[in-house]
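Colleague: This is what each chain is made of:
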Amino acid sequence: MSSSIKDLEKKKKILKIIGKILLGIFIIAEIYPIMWLILSAFKAPNEFYTSSAFALPKGFYIQNFIDAWTKGRMNIYFTNSVIATFVALFITIAVAAPASFAIAKMKWKLSKTTLTYFLLGIMVPVSVALTPLFIMYKQAGFLNSLWSLIITYSAFGLPMAIYIFTTNFYSIPDDLIEAAVVDGCSIYQVFYKVILPLMKNTILTVVTLQFLLSWNDLIFSMTFNSKVELKTIQTGLVMFTGQYGQMEWGPIFASIAMGTLPTIALYLGLNKMVMEGMTAGAVKG
Amino acid sequence: MKGIVNNKKAIMVFTLPALILYTVIVFVPIVWSLIYSFYEGIPGLGIDFVGLNNYFKLFKDPNFIKSVVLNLKYVAVVVTGQITIGMLISFLYAFSLTNYATLIRTIIFFPVVLPTVATSQLFAKIFQITPHLGLLNEFFHKISMENLVVGWLGDPKLAFWAICIMDIWKAIGLYALLFYGAIINIPKDVLEAAEIDGARGYKLITKIVLPLIKPMTITCLVLSLTGTLKVFDSVVALTNGGPGNTTQMTSMYMYNTTFVNGEFGYGTTMAIFILFECLVAMFVLNRFSKDK
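Residue numbers (the numbering used here), protein chains in the order written: chain A, 1 to 285; chain B, 1 to 292.
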């Protein structure tokens, strides 16, 4: 009897060790390519020829970044991405937060229906709306302007933003609103001065999701803007690698690194929000 | 109080901007797409009503059928990979991870947030053979398996697998976290009772854990299926459908038909087909989740 328990303990221990080894392999497999990207961005041109792909860079060859920024036109793409992403971010939050407040906390007949109507948008593949949007923007003269992207990103971010905002607004006690009203607040003041300041974490979660949606977008950007001066990071990267990235690895790695840097920074700073937001979103979608 | 939360004007002020933006940019285009699949021609130059012709054309178009078949093959491989590996990692999180748990989950989640295009460019370099060996070929070279040092993206079959590997790599952190969330929600006493009853290891997982996380499995399957059915970015950015058009999948064919060939009505019909595929997948999985 006691020996069989001992065997079991031993088996458990071995399983635990195997589990840890497996986990170690997964960690390396998931993180090493990203580190390789960052490290390779600092390699001088001759290092790609003389040493193995696994070798560490011999120094910090900043010229790659300068080339990517100027010759690779990353300066243009980066600026466009920043403008489109941040303006869309602002619009989504400015529009979604009050709508969610009205849906979750105010009393009207169609509030539930309105919520369902917004949430339908989570499931729709982007490609279905693509062609009509293209035609609409063409007729409105929005093609080849950052506005086409800003409007699209803010609208397509709405379903998820409203989903996250309403779930969090529902959990705010009505007493809080009542107390503010007794103190003489109007409904607008209740929203802006009492409720919104309580929502900092929710806003941050929406910010991270919306940032990823816009910053990582390829299909809208390549459809609506064909001019080089209006391309965003992702479309720029596709073009850039086609042009001369086949041969010049340093600048390519530098530009990929630049394209991912804001995402990496966001993730390092707010990984809890990002993970929470993305899993909440996934469960809904 | 009553008058204030009933304030019709305030409700309008709060909701109208979102309603207008969403209706015009998301909802109307979807409806328009449906209508548009019955037309052919270039908008602005005149379009003709063609009834169901675009739909008939779809099933007679060998390139379309090829792209759908390849897409479905990709769906089968990637969904299986994402779900099984994601689940495996979630078990490791739950049963063998003790130290630095949050840090490790954060690291494995990392690729999920990266832009697909940047990831594809990175993987293009990993799979590269000229002018320098990429990470993968260098690895095979180092362990003296020279027959595996090949141009991964130059061969139709291997290029297909390259896309699959990348998309599995990119998403497993998300699925691991989703499954992990479901596992830690299982009440501790259920697991303890099962263990006392003699359910251990493999048995514990198949008889107790798997049935209890079934709702999350369905959720993950929906997410993975709809994500892979509409795959676009990874194909465009990693292989651009090549070599030739051997790795072109449905969304990319739809894009090229619409915006390269200018067949707007026909392209829209393909988009509707993708929507239809996603709806069928969701419907079937929902039915599956209801029967006990």
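Don't read these hints as lab results, they were simulated from the structure. Note that the Cβ used here is the ideal one computed from N, Cα and C, for glycine as well. Treat the hints loosely; a few may be bogus.
Restricting the straight-line Cα-Cα distance to at most 30 Å, the calculated cross-link-like pairs of lysine-lysine (DSS-like) are [claimed, not checked]: (1) K188(B) <-> K13(A); (2) K73(B) <-> K157(B); (3) K107(A) <-> K200(A); (4) K107(A) <-> K188(B); (5) K20(A) <-> K290(B); (6) K10(A) <-> K203(B); (7) K193(A) <-> K9(B); (8) K13(A) <-> K203(B); (9) K157(B) <-> K10(A); (10) K214(B) <-> K272(A); (11) K8(B) <-> K200(A); (12) K9(B) <-> K200(A); (13) K272(A) <-> K142(B); (14) K8(B) <-> K109(A); (15) K9(B) <-> K6(A); (16) K20(A) <-> K142(B); (17) K157(B) <-> K107(A); (18) K207(B) <-> K16(A); (19) K112(A) <-> K214(B); (20) K138(A) <-> K57(B); (21) K11(A) <-> K290(B); (22) K73(B) <-> K6(A); (23) K13(A) <-> K290(B); (24) K9(B) <-> K12(A); (25) K57(B) <-> K10(A); (26) K112(A) <-> K203(B); (27) K157(B) <-> K11(A); (28) K214(B) <-> K16(A); (29) K112(A) <-> K142(B).
From the structure, some residues in chain A lie toward chain B, with a derived Cβ separation under 7 Å [stated by the list, open to error]: (30) I21; (31) G184; (32) L261; (33) A265.
Take a look, some chain A residues computed to stay more than 12 Å from chain B by CB distance [stated by the list, open to error]: (34) W36; (35) S145; (36) N201.
Colleague: Now, for every hint given, state plainly whether the structure supports it.
Modeller: Verification of the supplied hints:
1. Between K188(B) and K13(A) the CA atoms are separated by roughly 21 Å; this keeps the pair inside 30 Å, and the hint holds.
2. For the proposed pair K73(B) and K157(B), the alpha carbon gap of about 12 Å is at most 30 Å, so the pair holds.
3. Our distance criterion of 30 Å between C-alpha atoms is met by K107(A) and K200(A), whose separation comes to about 24 Å.
4. Taking the CA atoms of K107(A) and K188(B), the gap is about 40 Å. The hint is violated against a cut of 30 Å.
5. Our distance criterion of 30 Å between C-alpha atoms is broken by K20(A) and K290(B), whose separation comes to about 36 Å.
6. With a C-alpha separation of about 18 Å, the suggested pairing of K10(A) with K203(B) holds against the 30 Å cut-off.
7. For a cut-off of 30 Å, the pair hint linking K193(A) to K9(B) stands: about 19 Å separates their Cα positions.
8. Proximity of K13(A) to K203(B) is assessed by CA-CA distance (about 18 Å); at most 30 Å being required, the pair is judged to hold.
9. Restraint check: the Cα-Cα separation between K157(B) and K10(A) comes to about 44 Å, which exceeds 30 Å; the hinted pair is violated.
10. With a C-alpha separation of about 25 Å, the suggested pairing of K214(B) with K272(A) holds against the 30 Å cut-off.
11. Distance check on the hinted pair: K8(B) and K200(A) sit about 27 Å apart at the alpha-carbon level, within 30 Å; holds.
12. A hinted pair counts as satisfied when its Cα atoms are at most 30 Å apart, and K9(B) with K200(A) qualifies at roughly 26 Å.
13. A distance of roughly 38 Å separates the Cα atoms of K272(A) and K142(B); the hinted pair therefore is violated under the 30 Å criterion.
14. Our distance criterion of 30 Å between C-alpha atoms is met by K8(B) and K109(A), whose separation comes to about 11 Å.
15. With a CA separation close to 73 Å, the supplied pair K9(B) and K6(A) exceeds the 30 Å bound.
16. Distance check on the hinted pair: K20(A) and K142(B) sit about 26 Å apart at the alpha-carbon level, within 30 Å; holds.
17. Restraint check for K157(B) and K107(A): the C-alpha separation of about 58 Å exceeds 30 Å, so the hint is violated.
18. A distance of roughly 20 Å separates the Cα atoms of K207(B) and K16(A); the hinted pair therefore holds under the 30 Å criterion.
19. Between K112(A) and K214(B) the CA atoms are separated by roughly 28 Å; this keeps the pair inside 30 Å, and the hint holds.
20. Using a Cα cut-off of 30 Å, the hinted pair K138(A) and K57(B) holds, with the two alpha carbons roughly 27 Å apart.
21. About 38 Å separates the Cα atoms of K11(A) and K290(B), which puts this hinted pair outside 30 Å; it is violated.
22. Our distance criterion of 30 Å between C-alpha atoms is broken by K73(B) and K6(A), whose separation comes to about 47 Å.
23. Straight-line distance between C-alpha atoms of K13(A) and K290(B) comes to about 39 Å, which puts the hinted pair past the 30 Å bound.
24. Taking the CA atoms of K9(B) and K12(A), the gap is near 65 Å; set against the 30 Å cutoff, the hint is violated.
25. For the given pair, K57(B) sits about 64 Å from K10(A) by alpha-carbon distance, which is inconsistent with the 30 Å threshold.
26. Under the criterion of a C-alpha separation no larger than 30 Å, the hint pairing K112(A) with K203(B) is inconsistent with the structure, at around 44 Å.
27. Of the pairs offered as hints, the one joining K157(B) and K11(A) is violated, with about 41 Å between alpha carbons and a cut-off of 30 Å exceeded.
28. Using a Cα cut-off of 30 Å, the hinted pair K214(B) and K16(A) holds, with the two alpha carbons roughly 25 Å apart.
29. Annotation: proposed proximity of K112(A) to K142(B) is violated, straight-line Cα distance about 61 Å (limit 30 Å).
30. The closest approach between the C-beta of I21(A) and any C-beta of chain B is roughly 10 Å, which is over the 7 Å cut-off, so the hint fails.
31. With a least beta-carbon distance of about 11 Å to chain B, the hint placing G184(A) at the interface is violated under the 7 Å criterion.
32. Evaluation of the L261(A) hint against chain B yields a violated restraint, the C-beta minimum of about 10 Å exceeding 7 Å.
33. At its closest, the beta carbon of A265(A) sits 11 Å from a beta carbon of chain B; the interface hint therefore is violated under the 7 Å criterion.
34. Distance check on W36(A): its Cβ comes as close as 6 Å (rounded) to a Cβ of chain B, failing to clear the 12 Å threshold; non-interface status is violated.
35. The non-interface label for S145(A) is consistent with chain B: the shortest C-beta to C-beta separation is roughly 15 Å, beyond 12 Å.
36. The claim that N201(A) lies off the interface holds: its Cβ sits roughly 17 Å from the closest Cβ of chain B, which is beyond the 12 Å cut-off.
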